[in-house]
Structure formats: structure tokens, C-alpha cells
Amino acid sequence: MMLEIFEGALQPKEIFSRWYDDECNANWGAFIPFVGIVREEDEIEALSFDIYEPILINWFDAWQQKAKQRGAKLRMAHSKGDVKVHKSSYVAAVLSPKRRVALELIDAFVEDFKANAPIWKYDVIQNKRIYAKKRSMPMNGAGLLAKKD
Amino acid sequence: MMLEIFEGALQPKEIFSRWYDDECNANWGAFIPFVGIVREEDEIEALSFDIYEPILINWFDAWQQKAKQRGAKLRMAHSKGDVKVHKSSYVAAVLSPKRRVALELIDAFVEDFKANAPIWKYDVIQNKRIYAKKRSMPMNGAGLLAKKD
Amino acid sequence: MITIEFLGPIAQESITIEASSLRDVAKFLQQDSKLSSWLDSLAIAINDKLTDNLDAPLNDGDRVSLLPPVCGG
Amino acid sequence: MITIEFLGPIAQESITIEASSLRDVAKFLQQDSKLSSWLDSLAIAINDKLTDNLDAPLNDGDRVSLLPPVCGG
Numbered sequence: 001m002m003l004e005i006f007e008g009a010l011q012p013k014e015i016f017s018r019w020y021d022d023e024c025n026a027n028w029g030a031f032i033p034f035v036g037i038v039r040e041e042d043e044i045e046a047l048s049f050d051i052y053e054p055i056l057i058n059w060f061d062a063w064q065q066k067a068k069q070r071g072a073k074l075r076m077a078h079s080k081g082d083v084k085v086h087k088s089s090y091v092a093a094v095l096s097p098k099r100r101v102a103l104e105l106i107d108a109f110v111e112d113f114k115a116n117a118p119i120w121k122y123d124v125i126q127n128k129r130i131y132a133k134k135r136s137m138p139m140n141g142a143g144l145l146a147k148k149d
Numbered sequence: 001m002m003l004e005i006f007e008g009a010l011q012p013k014e015i016f017s018r019w020y021d022d023e024c025n026a027n028w029g030a031f032i033p034f035v036g037i038v039r040e041e042d043e044i045e046a047l048s049f050d051i052y053e054p055i056l057i058n059w060f061d062a063w064q065q066k067a068k069q070r071g072a073k074l075r076m077a078h079s080k081g082d083v084k085v086h087k088s089s090y091v092a093a094v095l096s097p098k099r100r101v102a103l104e105l106i107d108a109f110v111e112d113f114k115a116n117a118p119i120w121k122y123d124v125i126q127n128k129r130i131y132a133k134k135r136s137m138p139m140n141g142a143g144l145l146a147k148k149d
Numbered sequence: 001m002i003t004i005e006f007l008g009p010i011a012q013e014s015i016t017i018e019a020s021s022l023r024d025v026a027k028f029l030q031q032d033s034k035l036s037s038w039l040d041s042l043a044i045a046i047n048d049k050l051t052d053n054l055d056a057p058l059n060d061g062d063r064v065s066l067l068p069p070v071c072g073g
Numbered sequence: 001m002i003t004i005e006f007l008g009p010i011a012q013e014s015i016t017i018e019a020s021s022l023r024d025v026a027k028f029l030q031q032d033s034k035l036s037s038w039l040d041s042l043a044i045a046i047n048d049k050l051t052d053n054l055d056a057p058l059n060d061g062d063r064v065s066l067l068p069p070v071c072g073g
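Residue numbers (my numbering), protein chains in the order written: chain A, 1 to 149; chain B, 1 to 149; chain C, 1 to 73; chain D, 1 to 73.
It should be emphasised that the hints constitute simulated quantities derived from the structure, not laboratory data.
If you're wondering where the values come from, they're calculated on a predicted model, not measured in any experiment.
We put the beta carbon where it would ideally sit given N, CA and C, even for glycine.
You may find that some hints are simply not true.
Computed, partial: chain D to chain B, Cβ under 7 Å [as the list claims (entries may be wrong)]: (1) Leu39; (2) Ala45; (3) Asp48; (4) Pro57; (5) Leu67; (6) Val70.
From just these sequences and the hints, can you work out the full model?
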């Protein structure tokens, strides 16, 4: 499975090594992992994540199709639950024969991930879990049910 | 030193692990390594590289300054000599507090690397080293000495 | 009957209502004062497929999921 | 005297010539039939600093490096 969900912090060194071993003989020319690390700021001790997996899988599969049409491949790992500061919660990677395609895809994939992957983030401050509302983005098409005829 | 030159193929798993350990407590939010892997095509057995280190160091230092102005940091490893197909010859990475800066810098850095880092590539075919002229790009400002008054 | 499921930070149990389209779901939720502040920002899925069609028909047993603003990574 | 150094795939030993600016170096190299096909595509460094100024002055002991088209990675 090219989409992996882990309870708690990711182990980026294990993930990189495993993915590299999986892919290094597949004749890709470029392998770009994006590693997201929890920053220490505003007194947070950790971030915490909820994931709705059925829609995340659909979202990821649609991106995998887009990548495939460009001759490329995507892999992704994400945490659920708590991830302490200075630990990793997110690794996304593109593999492509072409440098240009790889650079364009990692950018578009990570940006759309931020905007449309069904994952909710909470700051953990003094053991309380506070929805990171200000940093969150309404997904594409949001607001449908607010419409009045 | 943030710029590393190795004789022969790189060891991306060692490089990733070492860089991750170096940087994981520095409060970066995004770490994007670009890993270049030698593709098997057109009967090549390996690629081979010449590097002119004094100008490579100047080029890298100028980029490091640009990155620093955006709050980011660059690291890079490159091979000299022969690198067999399916082995890595190039790893470049950006570390940044900000996702957007990281994605923009890795793209600009890798593209300028391709165009202006003083590194020459040769195809190794039947043990012969053939300059990869068609895939090579004249550096910025090239052609100065062809001018006639 | 269809089920309405509240995902992520909306602290609310699932509910079941009678509805033949998303339009009925909208009318129902617009009356709930606890939810009205969320409605502007919710994306909607029917049986785990996102939709932007308020006239999407609903059948008995369908599941409507409400997805508040996201922030992965 | 200045030294002209040929980098990468230009298979040629360094040479030393009298030159007071890059313009002199250009004139000298334009006469060399083996090199003329390269000149269009060479970048130039004086003492390891790239330059695009044909009038850059040269001093005794300076080193002029010729850099053919590159392809790292």
C-alpha cells in the first residue's frame, strides 16, 4: 500500500530507507520525499491528528492516477493521534523518471494535501487538544449546506 | 560542511539519516531532499562526473546565502567519478520553517544546479567515457570569448 | 432514513433523519443553532464520495458525512 | 603571464600566454582551430570567479578557466 497511516510520530529514517530500497531498482531518475516536522511554537507540546481514512484513500488514489498519467508514482505516510514537537507527522514522496515532473508533482501534491486531505489538526497545550481552526482550510466545495434557495 | 563530494555512488540512506539526525531538533517544519538516481537507458552502464570544486563551492555558498535570507538552509551531496545505473549521484535538500519556501527553493535550487553547477557528465558505455554533450547546458554568460569586436 | 455523520472537531454524535436529497439535510441542519456556525465551511460526502450537488438524491441507508476545514501535515 | 585552464571534457593541457584582458585571451583562442567549436558555449572564470566582462583586466599570475556546458546530477 502506497498510503501508510501510523499511530503517533513517524520514523522518517525507517520510511526513507524502506521506500528507497523498494524503489531504487525501478529505474526512477528522481525521488523527492517531503518530510513534515512538528515545529515548537506558541507553547504547543505536540500536534494531534484525526484522519477520516475512507475519503483520504479516495483522495490519494485519485492523485496516484494523476501521477501515473505523467509516468510517476506517489507514496505517503501520515500520523494519527499525538506527535510531539520535533517529530515528524507527514512524509510524502514522488518518484519519476523526469526531474521536472517530480518537482512539479511534489509541489502540487503537498499543496492539495494541505487543502483537501480529510485530516484535522489539534494543538496540544497543557494536555488539552485544541482544534487548529485558524490554520485549517475549508475543502473544495465547502459551504454547500449553507445555501438557502 | 553543507556541501559534500564523494568518490563514486552516494549512499542516500546514510545521507538522509545523518542529515535528519543533524537537523531534526533545529525546529525546521519542512525537510525536502531531492535524490537523483542514474537511469538505465541507451545502453549506458554508468554515468561519470568531473567536478570543478572551487567554483562549485562559490556557487553553493551563493545559494546558501539566498536560502538564509528566506530563513532556510541547503545541503547537497554529489558524486565524482563513476556511478552505476540504479545508484544515486546527487542529493540536494532544503530545510525551512515554511512549507512554501521549502517547495519553491528545492525547485529553483535543483534547476539552477542543472544549469550552472560546474559538473560535467559522461556516459560510460563499454568502459568508454563519452561527454554527454547533448544533455549539457552552457552556463550563464557562456560564449564570452566567441565575441569579435 | 439517512445517517448524518460529523467528522473531526465537530463534537456531535451521528444522527438519522428522513431526507430525499441534500437539500433536505441542509434545511434540517440550518435549524440547529450549534451547527449553523459550521455550515459555511463544511464539505459534504455521500457514502464517502465528496459532492458539490445540493440536489444529489439520497436513498434509504445512505450516509452523509460533514467535513470541517482540514489541516494535515 | 596568465594561465588558461581547460575544464571538464576539453582534453587540453593548461597554457600560459601574455594577456592584459580577456579580450586578448579571446583573440588568442579564436586562432586555435581545435578550440573554436567550443568558444560559443564556454563560460569564463578569472581566479575561480565567473565573469561576463570581456574587458576584465588580467594581472600577472591570473588564472583564466574555461567551463564547457554542464550537466550535474
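Against the structure, the hints come out as follows:
no.	hint	verdict
1	Leu39	holds (4 Å)
2	Ala45	holds (6 Å)
3	Asp48	holds (4 Å)
4	Pro57	violated (15 Å)
5	Leu67	holds (6 Å)
6	Val70	holds (6 Å)
The structure is inconsistent with hint 4 alone, although it conforms to all the rest.
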